[in-house]
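Note that the protein sequences, when read in sequence, are chains A and B.
Note that my numbering gives residue 130 to position 112 of the first sequence, counting from 1, and the numbers run on in steps of one.
Note that my numbering gives residue 410 to position 351 of the second sequence, counting from 1, and the numbers run on in steps of one.
One or more hints might be untrue.
[Said to hold, decoys possible] Keeping only pairs whose Cα atoms sit at most 20 Å apart, straight-line, the calculated SDA-like set for lysine to any residue is:
#1 B:Lys-495 <-> A:Tyr-74
#2 B:Lys-495 <-> A:Val-30
#3 B:Lys-495 <-> A:Leu-32
#4 B:Lys-495 <-> A:Arg-21
[Said to hold, decoys possible] Here are some of the chain B residues that sit facing chain A, going by a computed Cβ distance under 10 Å:
#5 Phe-110
#6 Phe-459
#7 Met-462
[Unchecked claim] Listed below are several chain B residues computed to face chain A (Cβ distance under 7 Å; list not exhaustive):
#8 Ile-226
#9 Leu-229
#10 Ser-240
#11 Tyr-247
#12 Asn-473
Rather than coming from a laboratory, the hints here were simulated on the basis of the structure.
We put the beta carbon where it would ideally sit given N, CA and C, even for glycine.
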Amino acid sequence: MIRIRRTAPYLVLLGFSGFLLWSLSGVAAPGGAPGALGPAFWPRAILIVMMLLCTYEILKRLAGAKDQFTGFIARQEEAAKRGEEVGSVATLMASAPSVDVGTEQNEPLFLGKLLPGIGLIALYAMGIQTVGFFVSSTVFLSVFAAIGGARHRLWNPVVSVIGSLLFFFVFTKIAYISLPLGTGIFKEISLALMQIMGVK
Amino acid sequence: METLAHLMQGVLTVFAPVNLLVMVIGLVLGMLVAVLPGLTLVMGVVLALPFTYQMGVGPALILLTAMYVSGTYGGAITAILFRIPGEPMDVPLLWDGYEMTRQGLAAKALGYSLIAAFVGGIASAVLMVAMAKPVADIALKFSSPEFFAVIVFGLSSVVSLGGKSMINALISLCMGLLIASVGVDSMYGQERLAFGQPFLLDGIEFLLVMVGAYGIGEVLTRLGAGYPADAVIDPATKTKRFETAFPRWSEIYSKRGSFVRGTTAGVVVGLVPGAGATVSSFVAYGLERQYGKNGSALGTGAPEGIIAAKSAATASVGGALVPLLTMGIPGSGATAIILAAFLLHGIQPGPQVFVSSSALIYTVFASVFISVIGMCILGYFAIKPLTKVLDAPEAVVSAFVVMFCFVGAFAARNNMSDLYVIAAFGLIGFLFERFKFPIAPLVLGTILGPLAEDNFMTTMVSFSNDWTIFFTRPISLTILVIAAIGVFYPAIRATTLKRRVPSDGGPSSS
Numbered sequence: 019m020i021r022i023r024r025t026a027p028y029l030v031l032l033g034f035s036g037f038l039l040w041s042l043s044g045v046a047a048p049g050g051a052p053g054a055l056g057p058a059f060w061p062r063a064i065l066i067v068m069m070l071l072c073t074y075e076i077l078k079r080l081a082g083a084k085d086q087f088t089g090f091i092a093r094q095e096e097a098a099k100r101g102e103e104v105g106s107v108a109t110l111m112a113s114a115p116s117v118d119v120g121t122e123q124n125e126p127l128f129l130g131k132l133l134p135g136i137g138l139i140a141l142y143a144m145g146i147q148t149v150g151f152f153v154s155s156t157v158f159l160s161v162f163a164a165i166g167g168a169r170h171r172l173w174n175p176v177v178s179v180i181g182s183l184l185f186f187f188v189f190t191k192i193a194y195i196s197l198p199l200g201t202g203i204f205k206e207i208s209l210a211l212m213q214i215m216g217v218k
Numbered sequence: 060m061e062t063l064a065h066l067m068q069g070v071l072t073v074f075a076p077v078n079l080l081v082m083v084i085g086l087v088l089g090m091l092v093a094v095l096p097g098l099t100l101v102m103g104v105v106l107a108l109p110f111t112y113q114m115g116v117g118p119a120l121i122l123l124t125a126m127y128v129s130g131t132y133g134g135a136i137t138a139i140l141f142r143i144p145g146e147p148m149d150v151p152l153l154w155d156g157y158e159m160t161r162q163g164l165a166a167k168a169l170g171y172s173l174i175a176a177f178v179g180g181i182a183s184a185v186l187m188v189a190m191a192k193p194v195a196d197i198a199l200k201f202s203s204p205e206f207f208a209v210i211v212f213g214l215s216s217v218v219s220l221g222g223k224s225m226i227n228a229l230i231s232l233c234m235g236l237l238i239a240s241v242g243v244d245s246m247y248g249q250e251r252l253a254f255g256q257p258f259l260l261d262g263i264e265f266l267l268v269m270v271g272a273y274g275i276g277e278v279l280t281r282l283g284a285g286y287p288a289d290a291v292i293d294p295a296t297k298t299k300r301f302e303t304a305f306p307r308w309s310e311i312y313s314k315r316g317s318f319v320r321g322t323t324a325g326v327v328v329g330l331v332p333g334a335g336a337t338v339s340s341f342v343a344y345g346l347e348r349q350y351g352k353n354g355s356a357l358g359t360g361a362p363e364g365i366i367a368a369k370s371a372a373t374a375s376v377g378g379a380l381v382p383l384l385t386m387g388i389p390g391s392g393a394t395a396i397i398l399a400a401f402l403l404h405g406i407q408p409g410p411q412v413f414v415s416s417s418a419l420i421y422t423v424f425a426s427v428f429i430s431v432i433g434m435c436i437l438g439y440f441a442i443k444p445l446t447k448v449l450d451a452p453e454a455v456v457s458a459f460v461v462m463f464c465f466v467g468a469f470a471a472r473n474n475m476s477d478l479y480v481i482a483a484f485g486l487i488g489f490l491f492e493r494f495k496f497p498i499a500p501l502v503l504g505t506i507l508g509p510l511a512e513d514n515f516m517t518t519m520v521s522f523s524n525d526w527t528i529f530f531t532r533p534i535s536l537t538i539l540v541i542a543a544i545g546v547f548y549p550a551i552r553a554t555t556l557k558r559r560v561p562s563d564g565g566p567s568s569s
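Isolated chain A (complex conformation) (with noise of 0.2 Å):
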C-alpha cells in the first residue's frame, strides 16, 4: 500500500502525459507537408520522455529500490564523514558540519492553516474584479494574516488598510498598473479614492 501510494505522483503525470499525448494525434503539418516534422513533433517528444520516465520511477519505486542518487548522496556523506575524498560537489556539501536549517517536505502539514489559505487565495483571485482591488486586499490581507496566526486586533486591520491603500497608490500613481476597480459601490469606493489620492 505504502508503495503504490509513493508512486501516486508519478501515476498522475503518467495519465496526464498519456491524455496530452492523445489530444495531439489530430494535429499535423498544414497540408500535410511530406518529410516535415509537423506542430506536434516537439510536444509529442517531450510526452514520451516524460512518461518514459514516470514508467521508470513507478517500477523504480513499485520494486522498493531506494533511490539511486539520494543513495548516493548519502553515501558520499558517510564516506565524507569517514574523512574519504570522494570529490564531487555533493561530497563538498557534506564536507561542511551539519546543520538544523528550513523546513523538510516530510514535516507535518497545518492543513488547518494551508487549506483556509488556498480557499482565501482563490477567494481573492475570483472576487478582486467584482470588489476591487483596494477592499479585496483589505480583507485578504487582514484573513490571511489571521490564518498564518498573526492575530492582533489592532494591527491586522490597520496594517491592511494602509498597506492597501499605500499599494493602490504605487501601483496606480508610480508604476501605472491599470487595477481592477470593482463594479457597483466597490467602483465608487475606488474612484473615490483615486481622487482623494490625485490618480486620473
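Go by the hints and put chain B onto chain A.
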C-alpha cells in the same frame, strides 16, 4: 581600451539621477528580501519583474541587477547575528559566522563578511567584463545546432543540480518545456495543447509560471509548515547593539588565499548554467575546508569560513551573468529572471546583443560594479533597520507577497484569466515542493523552451531532418558531450562507489 570606454559610458548611464534612484531602490529591496522571513532572493526579483514593464529596459535591468547583487549579502547579517540564514547560500555562514558571534566577535564576523562580499563582487565583475566579449565573439560563430546544444547544456546543468532526485528534476524540466509549447507554434502556426481555450492560444506566459510557482507556491509551502521561522530569534540576542568592525590589513592579507579560493570558486561555479550563489558558497566552503591553511578549524568560528562562503556567493553574480549576456543562458535562478526582463523588453541576450545593444550590456556591467559598492555601504550602515525587519510576522509578509503576485499578473496583460493561471501555478509550486520536484527546472524549461524548440526545428529544416548534425559538428558535439557528462556523472559515480564500498558500509579499500 575600447571595453574600458564602453564601461565608463555605462557608469555615466547608471549615475543618471533616475537610474541611480532605481539602483538604490533595488539595493534596498534586495537586502530586504534576503533578510525577510519567507522571501528569497529569486522570489524578490520575480516579484519586482512585473513592475519593470513601465520602465525602460535600462532602468529595469539596473533595478534587477542591484537586487541580485545586494540580495547575496543581506542574509549574511541575520545568519551571523541570529543564526537565521536569509538565503540557502548563507547556511555556511552559520558554522563560523554565528560561532564568532557566540564568542563575542559578531562585529568582526560582519566585517569579514562585508570585505569578502566586496572582494568577491568586484573581482568577479572585472572577470565578467574581461570574459564577456571574447565569449560573445566565439558565440557569434554559432549556428542553430550549436545554440541548441548550448541550451541543452544549460537545461542539463539545472537538472544535475536540481536536487537529490534527478528523475524528478527531469520531469520538472519536461513539464516546463511542455508549458512553453502550449498555444500556436511559431513555425507552422498550428494550435497545440490549447483545447480551444482563447487564453491558452496565446500561450502561457513564463512570467505567470515564475510568479505563481516561486511566489504563491513558496507562500503555501511556508503556510503549510506553520511558519517555523517566526519564533526562532533569541530575544536576548535581539536587544544587543550591532555594528561592523573591519579587520586589520595584516589580518586580511594573511587570509588572502581564502579570498582567492572563494572568489575563484564563485566565478567558476557561477559560470556553470544553473549553479549560482548557493552552490558556489557550499563548494567554496568545502574547498576551504579541504585545501585552506586553517581548514581544520572551519566550523569553530574561523574567519576563513566566512570569507570563502561570502566571497564565492557574491562572485557568482559576475560568473552567472556571463553565459546570460553572451549566450542567453541563465547561470542562476536570479539571472533567469533577468533574462525574462530582457525578453519582456523585446531583447534576446546573446552574442548579437554585444553588436546591437552594447551600451545596454555595459550599463549592466557598470551596474554590477556600482551595486557591489552600494551593497557594502548599505550593509555597513543598515544593520539595525535590517535586523528590525525580522520583527515582521511572516504571515503578514506572505499576505503582501500574494497581493504583489496578483498585481504582477495584472501588470502583464490586464487579463483576469492570468490570475487563475497564477493561482494554479502557485498550487503546482506547492505540490512540487511537497513531492520534492525542484521548481528551477520547471521555470527554466518554460523560459528556454521556445528557444530550444526554435533552434531544434530550424536545424531540422536547414539540414533536411538530419538529427546527426548535432553530433557531426565539433562545437555542438563537444557541448552535448559535456552536458551528457553533467547529467550522467552522478549515476556513473554512484555505480562506481557501489562497487568500491563494501555492502557493510565500511570504508573503501581503495
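Checked hints:
| no. | hint | in the structure |
| --- | --- | --- |
| 1 | B:Lys-495 <-> A:Tyr-74 | 17 Å, holds |
| 2 | B:Lys-495 <-> A:Val-30 | 15 Å, holds |
| 3 | B:Lys-495 <-> A:Leu-32 | 17 Å, holds |
| 4 | B:Lys-495 <-> A:Arg-21 | 17 Å, holds |
| 5 | Phe-110 | 5 Å, holds |
| 6 | Phe-459 | 6 Å, holds |
| 7 | Met-462 | 5 Å, holds |
| 8 | Ile-226 | 5 Å, holds |
| 9 | Leu-229 | 5 Å, holds |
| 10 | Ser-240 | 4 Å, holds |
| 11 | Tyr-247 | 4 Å, holds |
| 12 | Asn-473 | 6 Å, holds |
Of the hints listed earlier, there is not a single one the structure fails to meet.
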